[in-house]
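*Asks:* Chain by chain, the residues:
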Amino acid sequence: MAMRDLVTGGAACAVPGTAASSSNPFGALANAILGSSSKTQELKGLPGSAVNVPGPSSDFRTGAPLTTIPGLETEGQQHHQPVGQNYEFLAGFRTADHGVLADAWNEIHQPPALQTQGGKIEAQFQEFEQIYNRGANSMLPPAWDGPPQGVLSRFLHSFVDSGRAGVPFRPAALPVLGLSEGDKQCIRDRSFIMAHHIFADKSEEYINAQVNALLHSLDIDGNERLRGPIRGSYPELEEYWTESQGAFRSGMPNPADKWVSEFARQRENGDPEAWAHSFEQLHGTNGWASEFEHEQSQLASVGQVRGANMSHIAAMEQSRMLAHTLAQNTDPKFQNSKFLQFVSKMSRGELIVDENQIKPATGSLTDNWADEYQAQYNAGSSTWADQFVHQDLPQGTDKWVNEFVKENQQQGVDDQWVNEFSKLHVQDWAEEFGQQVAEGALGDSTADDWANTYENFLDEQLLASKQHSGASRGVYVFSDMNPYVGHPNPLREGQELFRKGLLSEAVLALEAEVLKNPDNAEGWRLLGITHAENDDDQQAIAAMMRAQEVDPTNLEVLLALGVSHTNELEQPEALRYLYKWLQNHPKYGVLATPELADSPYYGDVARLFNEAAQMSPEDADVHIVLGVLYNLSRDYDKAIESFQTALNLKPRDYSLWNKLGATRANSIQSADAILAYQQALDLKPNYVRAWANMGISYANQGLYEESIRYYVRALAMNPKADNAWQYLRISLSCASRNDMFEACDSRNLDILQKEFPL
Amino acid sequence: MESSLQSAGLLEQMKIHLSTDAGKEVTKKIGLVYQLNIAPKKIGVDEEIFVVDLKQGKVTKGPYDGKPDATFSFTDKDFLSIATGKMNPQIAFIRGAMKIKGSLSAAQKFTPDIFPKPSKL
Chain A
289 MAMRDLVTGG AACAVPGTAA SSSNPFGALA NAILGSSSKT QELKGLPGSA
339 VNVPGPSSDF RTGAPLTTIP GLETEGQQHH QPVGQNYEFL AGFRTADHGV
389 LADAWNEIHQ PPALQTQGGK IEAQFQEFEQ IYNRGANSML PPAWDGPPQG
439 VLSRFLHSFV DSGRAGVPFR PAALPVLGLS EGDKQCIRDR SFIMAHHIFA
489 DKSEEYINAQ VNALLHSLDI DGNERLRGPI RGSYPELEEY WTESQGAFRS
539 GMPNPADKWV SEFARQRENG DPEAWAHSFE QLHGTNGWAS EFEHEQSQLA
589 SVGQVRGANM SHIAAMEQSR MLAHTLAQNT DPKFQNSKFL QFVSKMSRGE
639 LIVDENQIKP ATGSLTDNWA DEYQAQYNAG SSTWADQFVH QDLPQGTDKW
689 VNEFVKENQQ QGVDDQWVNE FSKLHVQDWA EEFGQQVAEG ALGDSTADDW
739 ANTYENFLDE QLLASKQHSG ASRGVYVFSD MNPYVGHPNP LREGQELFRK
789 GLLSEAVLAL EAEVLKNPDN AEGWRLLGIT HAENDDDQQA IAAMMRAQEV
839 DPTNLEVLLA LGVSHTNELE QPEALRYLYK WLQNHPKYGV LATPELADSP
889 YYGDVARLFN EAAQMSPEDA DVHIVLGVLY NLSRDYDKAI ESFQTALNLK
939 PRDYSLWNKL GATRANSIQS ADAILAYQQA LDLKPNYVRA WANMGISYAN
989 QGLYEESIRY YVRALAMNPK ADNAWQYLRI SLSCASRNDM FEACDSRNLD
1039 ILQKEFPL
Chain B
72 MESSLQSAGL LEQMKIHLST DAGKEVTKKI GLVYQLNIAP KKIGVDEEIF
122 VVDLKQGKVT KGPYDGKPDA TFSFTDKDFL SIATGKMNPQ IAFIRGAMKI
172 KGSLSAAQKF TPDIFPKPSK L
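In order, the protein sequence lines correspond to chains A and B. First residue of the first sequence? That's 289 in this note's numbering, and the numbers climb one at a time after it. First residue of the second sequence? That's 72 in this note's numbering, and the numbers climb one at a time after it.
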């Protein structure tokens, strides 16, 4: 995890002679942030490499409070270190060559003392870069390998060093770093910013030349500076978030928030004062930035990749997590410590580097926006902030809405706008409603509920738009970014993956196959079956329908369609397909009368199937179909009988065991159901559907804690199983685990798996 | 219960669920009577009426003999969405997908967790 990297400096930097744990996390953090004292040598001793800081290492011991950083595996004992030791710790640092942290702290605390200009800038940049570099990796889709952190950061650092030394930077041939467009854009923009700072005294040409050299080595086109469209819309967007968030977060007292008001009061320049006040309003540990980032990540999943935003947000997210952990420490002295404040501020992007000082920024969400703000800030005007504060909400909404709609054409975003807009109004209305009715029949306040529900609403909207965009039932939705496209024989690959039980991978391979050969019935059929086993009946139906188009007589396809429709409680369709099964069967086709095909009446169909069963009792398939049929009519006892007969004939059919289990579960013989599911799982351990069904059985029995574990396991295998996510949420609420709602809503499997292992 | 609605399947399951221990817990916890007016396509049109009696622990078809604590009206699909947790009842209410009559506090207790989930074949 990137966070771990951040703290441990990317390499196991075990500082010798420190406290109980093998790698003192706080020490490592400081190490990572500050680099090492051998920094004076050019191009050496960079954060990515394992170099120990000799001098102050003895002081690291005092800085233990960070043992509970998420993502770290060191077993932490909670150390509650009073502020005094922090002073000591940082004082120790001041004795090192780069006492940057101390400098920064002094900056806030007192007027600046003698500091080396270059050292400060550089170190601050280091810090930011560290975070940025680590961050760039984490939020992006796993389809590519992340950039080699060490190389990149080393390279950037050498650039900074050369700048500081006044030596023209030489372009170097670097190994392929695998930077994404988003990364490149980010690096490009930031390089320009940095260069302007470092070479403040040099000419524009020189700056450009330097940056271009840097970019050239990284293989980035220096001219494609995409600034602009994104910029304008965000400030208002954030305001809306803050407004909407602020109303509901006010109930959360977070001691770390005191610093916001404290600091704002202490600031000498009150330029965007109004803005600062409104910024003050919004907080829990989830600042609007992270809310927005959450939203952003959802957007990205709808297909819109804004690399620059993602990496920056990710960086902030991580430092936010860091701040969050620090804030968790309940020692009040620690919480009020300036260090925490500093880190918190960094995490919220409130502090940015400006000229030679750390200045409060306005929480830059995108680099472009930060630039703009910086420009305005330096110019001493705060036009948009003032304007904004004076604008009426609805008016502002329109303007923002127009801009936003104008600048983004992708369909996902239109939906998102709708979400925002309706969410906004929902909030206002909900607030009023909550206030007015609170005294009335509603009893206890539903503020939290509302807060949760709009998140759900958003999720639901996104989900709905994704699933139904251009498609109602029956149209297959392909995955984006399929690594198997172009594979020489995707069908075989898919079959292999299916056999191994890697269902989600098999889906991708099979999709590649049917993209290549849309008439491949076997490809569609297997795709359908894989989706069904992955607990996605919608996609299963869509795939199976395609298979049926290509090959209308394939019995397995018809049966599968019957089953999926049964699961979706669509009785008439299920009946139709099961009847078709009969019709197309070589042996029993004779039994089927054509009139029935269009609107089969249940009784008739059942009768016919029974006849077929009598014709050949050794045919397991007939019994399977009968079992499904009886499920439709909720004749569970008969269904169980049929399945058991079939199982006697085919004991190793895992899907049959699952059917038996599901039938039992639906007839509330949940305990027996679980036994059947176990059998299925013994035969096929990666059978997502069976795992999810087990969760359902436990939940239906009221055993919510258990059910959670099974749902999580199913979801770990197939994160796209939407049903399971809904059920998980219900179980969480029944088990009174509302603390995990956020993890569930943000589909954070890591947290959930840690919390609920099997 | 004869019905062409998809919801009927779920309600059937609810019926037998209420006789289990877990179901009995639900009646103890809630103890209210809900009437559900479920329409196939559009609210209010061709409704089928069900009563989910969480006092006595039974599910019947037909209007309630007496005054239910809360009455809901929705479409077939929407009811299923709510019962399986896909759609939050409060959101449904806001969007007009669910109409409520009767006691609001009773209505608030109408949540997905009272319904058993269907297992998948």
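Since the hints were derived computationally from the structure, they do not count as laboratory data. Careful, some of the hints might be misleading.
Okay, the calculated bits of chain B under chain A, using three or more residues with CB under 8 Å as the criterion [said to hold, decoys possible]:
{"id": "1", "region": "80-87"}
{"id": "2", "region": "102-109"}
{"id": "3", "region": "122-135"}
{"id": "4", "region": "142-156"}
For lysine-lysine, the following DSS-like pairs were computed, each having C-alpha atoms within a straight-line distance of at most 27 Å [as the list claims (entries may be wrong)]:
{"id": "5", "chain 1": "B", "residue 1": "LYS148", "chain 2": "A", "residue 2": "LYS1042"}
{"id": "6", "chain 1": "A", "residue 1": "LYS1008", "chain 2": "B", "residue 2": "LYS86"}
{"id": "7", "chain 1": "B", "residue 1": "LYS86", "chain 2": "A", "residue 2": "LYS926"}
{"id": "8", "chain 1": "A", "residue 1": "LYS1008", "chain 2": "B", "residue 2": "LYS157"}
{"id": "9", "chain 1": "B", "residue 1": "LYS172", "chain 2": "A", "residue 2": "LYS926"}
{"id": "10", "chain 1": "B", "residue 1": "LYS112", "chain 2": "B", "residue 2": "LYS180"}
{"id": "11", "chain 1": "B", "residue 1": "LYS148", "chain 2": "B", "residue 2": "LYS112"}
{"id": "12", "chain 1": "A", "residue 1": "LYS926", "chain 2": "B", "residue 2": "LYS132"}
Ideal Cβ placement from N, Cα and C applies to all residues, glycine included.
*Asks:* Now look at each hint and say whether the structure bears it out.
*Replies:* Status of each hint after checking the structure:
Counting residues of the region 80-87 of chain B whose C-beta lies closer than 8 Å to any C-beta of chain A gives 5; at least three are required, and the coverage claim holds. Counting residues of the region 102-109 of chain B whose C-beta sits closer than 8 Å to any C-beta of chain A gives 0, which falls short of three, so the coverage hint is violated. Chain A is given as covering the region 122-135 of chain B, and this is violated because 0 residues of the stretch bring a CB closer than 8 Å to a CB of that chain, at least three being needed. Here the region 142-156 of chain B counts 3 residues with a CB under 8 Å from a CB of chain A, which clears the bar of 3, and the coverage holds.
Of the supplied pair hints, the one linking B:LYS148 and A:LYS1042 is violated, its CA atoms being roughly 35 Å apart against a limit of 27 Å. Of the supplied pair hints, the one linking A:LYS1008 and B:LYS86 is violated, its CA atoms being roughly 31 Å apart against a limit of 27 Å. Note on B:LYS86 and A:LYS926: the hinted pairing holds, with a Cα-Cα distance of about 19 Å set against a maximum of 27 Å. As the CA atoms of A:LYS1008 and B:LYS157 are separated by approximately 14 Å, the hinted pair is consistent with the 27 Å bound.
Using a Cα cut-off of 27 Å, the hinted pair B:LYS172 and A:LYS926 is violated, with the two alpha carbons roughly 40 Å apart. In summary, the hint linking B:LYS112 to B:LYS180 is supported, as the alpha carbons are separated by about 25 Å, within the 27 Å threshold. A hinted pair counts as satisfied when its Cα atoms are at most 27 Å apart, and B:LYS148 with B:LYS112 qualifies at roughly 8 Å. Taking the CA atoms of A:LYS926 and B:LYS132, the gap is near 24 Å; set against the 27 Å cutoff, the hint holds.
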